[in-house]
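Colleague: The chain contents come next:
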Amino acid sequence: MPGKKGRVFYYLLACNYAVLGCVVFHVDVVSAQTSSSDFTDVALERRYVTLIQELRCPKCQNQNLQDSHSTVSLDLKDQIQRLLKTGKSDEEIKSYLTERYTEYILYRPVVGYHTFLLWVGPLFFILIAIGVLLFVQRLNSSSPTSDKHLVGDQPHLHQSGSGEVSETFKKE
Amino acid sequence: MRIILFAPLMVFFAIAILLWSALEREPGKLPSALIGKPFPEFSLTKLSAHNQYLSAEDLSGALALINVWATWCYACKLEHPYLQKLASNGIKIIGINYKDNRKAAIAWLERLGNPYSVIIFDEEGSLGLDIGVSGAPETFLIDKQGIILHRRVGILDQKVWEKEFSHYYSDSWE
Chain A
1 MPGKKGRVFY YLLACNYAVL GCVVFHVDVV SAQTSSSDFT DVALERRYVT LIQELRCPKC
61 QNQNLQDSHS TVSLDLKDQI QRLLKTGKSD EEIKSYLTER YTEYILYRPV VGYHTFLLWV
121 GPLFFILIAI GVLLFVQRLN SSSPTSDKHL VGDQPHLHQS GSGEVSETFK KE
Chain B
1 MRIILFAPLM VFFAIAILLW SALEREPGKL PSALIGKPFP EFSLTKLSAH NQYLSAEDLS
61 GALALINVWA TWCYACKLEH PYLQKLASNG IKIIGINYKD NRKAAIAWLE RLGNPYSVII
121 FDEEGSLGLD IGVSGAPETF LIDKQGIILH RRVGILDQKV WEKEFSHYYS DSWE
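These protein sequences, in sequence, are chains A and B.
125 is the number that the working numbering gives to position 125 of the first sequence; each next residue is one higher, with no gaps.
21 is the number that the working numbering gives to position 21 of the second sequence; each next residue is one higher, with no gaps.
Just so you know, these hints were derived from the structure itself, not from any lab.
There could be a bad hint or two in this list.
Derived coverage of chain A by chain B (criterion: at least 3 residues anywhere in the stretch with Cβ under 8 Å from a Cβ of chain B; other residues may be distant) [said to hold, decoys possible]:
| # | segment |
| --- | --- |
| 1 | 68-74 |
| 2 | 100-107 |
| 3 | 115-123 |
Source: prediction; values computed, not measured.
All C-beta atoms, glycine included, are put in the ideal place defined by N, C-alpha and C.
If we strip away everything but chain B, and leave its shape as in the complex, we get (with noise of 0.2 Å):
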């Protein structure tokens, strides 16, 4: 019977400990429906040329990440010469310029350098809205089937590379 009256304190550490451990989630974190699937089909023209479509089989072959720029974007100027710096390291990036002016993007790479290996200019944002985009920057990583292990909403700078994309890299090495 006496146990009874701890009863209250029972449940306060229960809902204490519910709560403690709720503190860690991210709420706003826009989980990805795509993970594990295929890349979604689609048929957009190359960024340098208006005349060349590319479609989902181009992007498959190797590990790449698939990243989701534009000039209007300030995060991606930021994170741009990081992405410079994992190209010159040989890790295939490919581009997705997203909802933006071909000219000025065009000219936003020749000032700043180009890290990609091919770019899909996505100008009404359908690929885009396809892959769940909810901005710029955004990366994600294909493997050599094209399907999509993972992504990363936000900057992909070097703490981020080594958490979250480093380890699909050295497996494959191995």
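Chain A extracted, bound-state conformation (with noise of 0.2 Å):
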């Protein structure tokens, strides 16, 4: 039997679980709009969503043609489901698109030597984390006199501190 303090929480849960519902569904619903669209193949519809999805509104720094609603997107997404239509492949209508608007438009930026350090630079960051962790093991390990200098100058901290976990565990 839970008490009061339990039935708050499960009331909680349950409005959480419910505004999680809501937001799942107001997604669908919004991508359903936004996708409005008057394809009758529906894996031609799967490609234009993907499409719309990918890149980005050439208005509108922060957002992609598909959320978009400046009159530029809505031009763009009439032209994308145009293209589609008369059967242009999506390299073929992102060329299309970039030979107008640069590479701007795409939010998947291509693999070249101008983006070598976006698609590259997490990679060496990574590798110089590993490297500095690396060389402080190494450093830590490979000289006893510091770690004995650390042990001589604070013995009394760690004696103690060991001291009073073993005698929490005691009482336990």
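Hints in hand, dock the two standalone chains.
Modeller: What follows is the structure, given as structure tokens:
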């Protein structure tokens, strides 16, 4: 039998799921709305939705075509539908748009010399981090003098620390 | 060995410099794909006559501004007096009336004055799409051969003119 506190907890949990459910539902509804298109072919419609999610609105830096309602985005969405229906491939459509709006329009950047840093940068930083980690580890293990120094400096702290821990264990 | 202690500081400065220089950049700025390329082919009517067609050939011949405007565009109204001033100083300005209504556009020019030597009526925005227009106003600069030299997204005023356009004109006068 849950107490009063328990009931409040379950109530909040229920609210939580309700909100989560609404969010998921909302996302579904919204994406269904914004991808309003007159495709009869499901596969084509799926390609269309993927494209407008990956393409950026030229007018609005942080929005994709799907979310944007600016005139230029609506025009581009119409144009993409037209191109898809004439049998253009995804790559052809992307190059059609980059010829006019540059690579700015691609949210997924192409791999090239000018985007080299973007793609390799994270790996580079991870390598640095691993290097530092190894260096520090080796520094710690290969210089026993510094270890002794540390222990010698604070012997009481170490002892009292471990002593306390064992005492609390005994109590339990 | 000591120098290794300064490594984190060095890394900090390196990142600081990188980020500092990035502050100056405008990530929202849309670059133009057409700089250095000829103005794209098109076939659209004149604003003033629905049976007279214009093409890219009609635009070349002299250094000219190509200004994308519309009656629905508030910023175009703000920009308009400065275009009038440029036109009165002998600068050739070609208009692209972008996704607009022919009657409304003609009335607008009758009321506010017409700085354009010729106006292309792009009702569907098809030419706008081909030149990568993201809205109005936008201004392109083309040379005698019809090659696009520069593009300005947004209002063209005295400041922008002096910074981005005027040197093309002084070069041609020298």
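Colleague: None of the hints should be skipped; say for each whether it holds.
Modeller: Now the hints, each set against the structure:
1. 68-74: Satisfied; 3 residues make the cut.
2. 100-107: holds (count 4)
3. 115-123: violated (count 0)
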